[in-house]
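Undergrad: What follows is the residue order along each chain.
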Amino acid sequence: MVAIIMMDLKNVTKEFSDTLALNHINLHFDNKGVSTIIGPSGAGKTTLLKILALLLEPTKGQIFVNNVNVDNNIRHSLRRKFTMVFQNTLFFSSNVHDNISYGLKIRNLPSDEIEKRIQDVLKRFGLIELAQKLMHELSVGQMQRVSLARAFILEPEILFLDEPTANLDPENNLIIEREILSFSKSKPVVMSTHNIVQIHRIADSVAFLSNGLLIDQGKKGILEDSDDNRIKRFVTGETGYSNNDC
Amino acid sequence: MDMITEIVSSFFEALNLIFSGDSFVIDIALRSIYISGFATILALGFGIPISMIISFREFFGKNIIKWIFNISLGFPTVTLGLMLFLLFSRSGPLGVFGILYTPTGIIIGQSILVTPIMVSFSVSALESVNPEIRNLAKTLGASDFQASIVALIEGAKGVSLAIVGSFNRAVSELGIALMIGGNIRGFTRVLTTTIALETRRGEIIQSIAIAIVLLFTIAGVNIVMSLIKRLWLR
Chain S
1 MVAIIMMDLK NVTKEFSDTL ALNHINLHFD NKGVSTIIGP SGAGKTTLLK ILALLLEPTK
61 GQIFVNNVNV DNNIRHSLRR KFTMVFQNTL FFSSNVHDNI SYGLKIRNLP SDEIEKRIQD
121 VLKRFGLIEL AQKLMHELSV GQMQRVSLAR AFILEPEILF LDEPTANLDP ENNLIIEREI
181 LSFSKSKPVV MSTHNIVQIH RIADSVAFLS NGLLIDQGKK GILEDSDDNR IKRFVTGETG
241 YSNNDC
Chain G
1 MDMITEIVSS FFEALNLIFS GDSFVIDIAL RSIYISGFAT ILALGFGIPI SMIISFREFF
61 GKNIIKWIFN ISLGFPTVTL GLMLFLLFSR SGPLGVFGIL YTPTGIIIGQ SILVTPIMVS
121 FSVSALESVN PEIRNLAKTL GASDFQASIV ALIEGAKGVS LAIVGSFNRA VSELGIALMI
181 GGNIRGFTRV LTTTIALETR RGEIIQSIAI AIVLLFTIAG VNIVMSLIKR LWLR
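Which chain is which? The protein sequence lines are S and G, in order.
Take the first sequence: its position 235, counting from 1, is numbered 235 in this note's numbering, and each next residue is one higher.
Take the second sequence: its position 175, counting from 1, is numbered 175 in this note's numbering, and each next residue is one higher.
Hints were generated in silico from the structure; no laboratory data involved.
The structure presented is a predicted model; accordingly, all values stated were derived computationally and were not measured.
Cβ coordinates follow ideal geometry from the N, Cα and C atoms, glycine included.
Possibly wrong hints are sitting among the right ones.
As a list, the in silico SDA-like pairs of lysine to any residue whose alpha-carbon atoms are at most 25 Å apart [said to hold, decoys possible]: (1) S:K60 - S:I74; (2) G:K62 - S:E57; (3) G:K229 - S:M135; (4) S:K133 - G:W232; (5) S:K116 - S:I74; (6) G:K157 - S:K123; (7) G:K62 - S:D18; (8) S:K81 - S:R107; (9) S:K133 - G:I149; (10) S:K81 - G:S148; (11) G:K157 - S:D18; (12) G:K157 - S:T89; (13) S:K133 - G:K66; (14) S:K105 - G:P49; (15) G:K229 - S:Q62; (16) G:K157 - G:I50; (17) S:K123 - S:D18; (18) S:K105 - S:M135; (19) S:K81 - G:I149; (20) S:K32 - S:S17; (21) S:K81 - G:P131; (22) S:K220 - S:I175; (23) G:K66 - G:I112; (24) S:K105 - G:K62; (25) G:K157 - S:R178; (26) G:K66 - S:S17; (27) G:K66 - G:M83; (28) G:K157 - G:G92; (29) S:K133 - G:A156; (30) G:K157 - S:I74; (31) G:K229 - G:K62; (32) G:K157 - S:E137; (33) S:K32 - S:L138; (34) G:K229 - G:M83; (35) S:K123 - S:Q87; (36) G:K157 - S:E177.
Estimated spans, in silico, between C-beta atoms of each pair [stated by the list, open to error]: (37) S:E171 - G:F216: 54 to 60 Å; (38) S:N66 - G:G220: 56 to 62 Å; (39) S:S139 - G:F59: 51 to 57 Å; (40) G:E132 - S:S77: 20 to 26 Å.
Make the full structure from the sequences, and use the hints.
TA: Take a look at the structure:
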């Protein structure tokens, strides 16, 4: 398949045993730029990102990549072109170097190529000194930088980020936003966030979710222009509609 | 000489027997390690895939299967020994294979005995691994199988406990070794059957020596696994 240029969800519904996480979602993502998914806690943002990253299968509805319906035959090969960075810093119980190299190793790349790419990405994310450190020895900010480095090194066609800067200090926040913007110049980034200021800084488009429903989608101006009460409450940071990690 | 003095005296004589390299003791100890080690490896071979399926897949009857393995943890060895004896005896359905009174028979019996330990402990270890680890591996390009291997590695500490527990249970059981092995000298005689035999014959020192070897064997395996955990499973 050629480079991924667009992705569509058509009537996607996701049910867990006793919860309707997503309800008939229709979404379209273009070939580059930063698309953000926002909404209060429990809105379904993480579930939506996992479905987009092909880690979860929808209960109903279809996913299209370049207008091709994603079925089980192409799911794994397509997934290799996508990478998701999780909200809670997830890592393998090994050191920074091994965490970053995992994706390259399972692609059977030559070891000198792997090492070259690792050194590049370690340098880019300021992780050179930490390469041999065990992951649990790192701060949250350093862990998140490793998570991003681990995703970037694979040079994915689309990058999915689940609240990548939550709980980060300004310095780490800046590094990560800089890398996201740099990546999004040529490829799409889809990220969830609570951070209104961040949306204004880096987002090209916004999709607002509430209780599994897509309330609105468009340019980031929809947040201020919307008449929808749920969006207004989110923007003003009302309880349960938090955006307080700005 | 009172009983306590006799036991202490026997203990030191037993230590002397062990450290003097008594060929009888060494022979039985090595056979026990070989038979129970092989049974543990066999149980590991089919216990881990079963554990991975139970832990990582959703299917009908999953909880019933987990429950069956859990209640099988306390399966009496003599009952299993009797069942296998009937299966392996010459007139039994598997009698044609001639594995009654052979080390192979004990290995098969012990591996069946310890499989519930292997599965129950491993499932518990694998289910305690963050389920998102498999998603992390997948999003980095792993297939379902590769992602399951990653989760297995993450749960390796718990799985190593299952291996140790299985070996300990196998090497210290008596029922199967006696009923399926027959306690044949130089062939199927292992540590537990020797202790039973020597005690019955009144050879207390020999019994204590073998019992100490059994405890050393169990402790040795635990120490080796602890070292492996410390060195490789950080």
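Undergrad: None of the hints should be skipped; say for each whether it holds.
TA: Checked hints:
{"no.": "1", "hint": "S:K60 - S:I74", "verdict": "holds, 18 Å"}
{"no.": "2", "hint": "G:K62 - S:E57", "verdict": "holds, 21 Å"}
{"no.": "3", "hint": "G:K229 - S:M135", "verdict": "holds, 18 Å"}
{"no.": "4", "hint": "S:K133 - G:W232", "verdict": "holds, 15 Å"}
{"no.": "5", "hint": "S:K116 - S:I74", "verdict": "violated, 30 Å"}
{"no.": "6", "hint": "G:K157 - S:K123", "verdict": "violated, 33 Å"}
{"no.": "7", "hint": "G:K62 - S:D18", "verdict": "holds, 19 Å"}
{"no.": "8", "hint": "S:K81 - S:R107", "verdict": "holds, 12 Å"}
{"no.": "9", "hint": "S:K133 - G:I149", "verdict": "holds, 23 Å"}
{"no.": "10", "hint": "S:K81 - G:S148", "verdict": "holds, 20 Å"}
{"no.": "11", "hint": "G:K157 - S:D18", "verdict": "violated, 33 Å"}
{"no.": "12", "hint": "G:K157 - S:T89", "verdict": "holds, 21 Å"}
{"no.": "13", "hint": "S:K133 - G:K66", "verdict": "violated, 38 Å"}
{"no.": "14", "hint": "S:K105 - G:P49", "verdict": "holds, 24 Å"}
{"no.": "15", "hint": "G:K229 - S:Q62", "verdict": "violated, 45 Å"}
{"no.": "16", "hint": "G:K157 - G:I50", "verdict": "holds, 18 Å"}
{"no.": "17", "hint": "S:K123 - S:D18", "verdict": "violated, 46 Å"}
{"no.": "18", "hint": "S:K105 - S:M135", "verdict": "holds, 19 Å"}
{"no.": "19", "hint": "S:K81 - G:I149", "verdict": "holds, 21 Å"}
{"no.": "20", "hint": "S:K32 - S:S17", "verdict": "violated, 35 Å"}
{"no.": "21", "hint": "S:K81 - G:P131", "verdict": "holds, 22 Å"}
{"no.": "22", "hint": "S:K220 - S:I175", "verdict": "holds, 22 Å"}
{"no.": "23", "hint": "G:K66 - G:I112", "verdict": "holds, 16 Å"}
{"no.": "24", "hint": "S:K105 - G:K62", "verdict": "violated, 34 Å"}
{"no.": "25", "hint": "G:K157 - S:R178", "verdict": "violated, 39 Å"}
{"no.": "26", "hint": "G:K66 - S:S17", "verdict": "holds, 21 Å"}
{"no.": "27", "hint": "G:K66 - G:M83", "verdict": "holds, 23 Å"}
{"no.": "28", "hint": "G:K157 - G:G92", "verdict": "violated, 41 Å"}
{"no.": "29", "hint": "S:K133 - G:A156", "verdict": "holds, 20 Å"}
{"no.": "30", "hint": "G:K157 - S:I74", "verdict": "violated, 35 Å"}
{"no.": "31", "hint": "G:K229 - G:K62", "verdict": "violated, 30 Å"}
{"no.": "32", "hint": "G:K157 - S:E137", "verdict": "holds, 19 Å"}
{"no.": "33", "hint": "S:K32 - S:L138", "verdict": "violated, 32 Å"}
{"no.": "34", "hint": "G:K229 - G:M83", "verdict": "violated, 37 Å"}
{"no.": "35", "hint": "S:K123 - S:Q87", "verdict": "holds, 23 Å"}
{"no.": "36", "hint": "G:K157 - S:E177", "verdict": "violated, 37 Å"}
{"no.": "37", "hint": "S:E171 - G:F216: 54 to 60 Å", "verdict": "holds, 56 Å"}
{"no.": "38", "hint": "S:N66 - G:G220: 56 to 62 Å", "verdict": "holds, 60 Å"}
{"no.": "39", "hint": "S:S139 - G:F59: 51 to 57 Å", "verdict": "violated, 41 Å"}
{"no.": "40", "hint": "G:E132 - S:S77: 20 to 26 Å", "verdict": "holds, 22 Å"}
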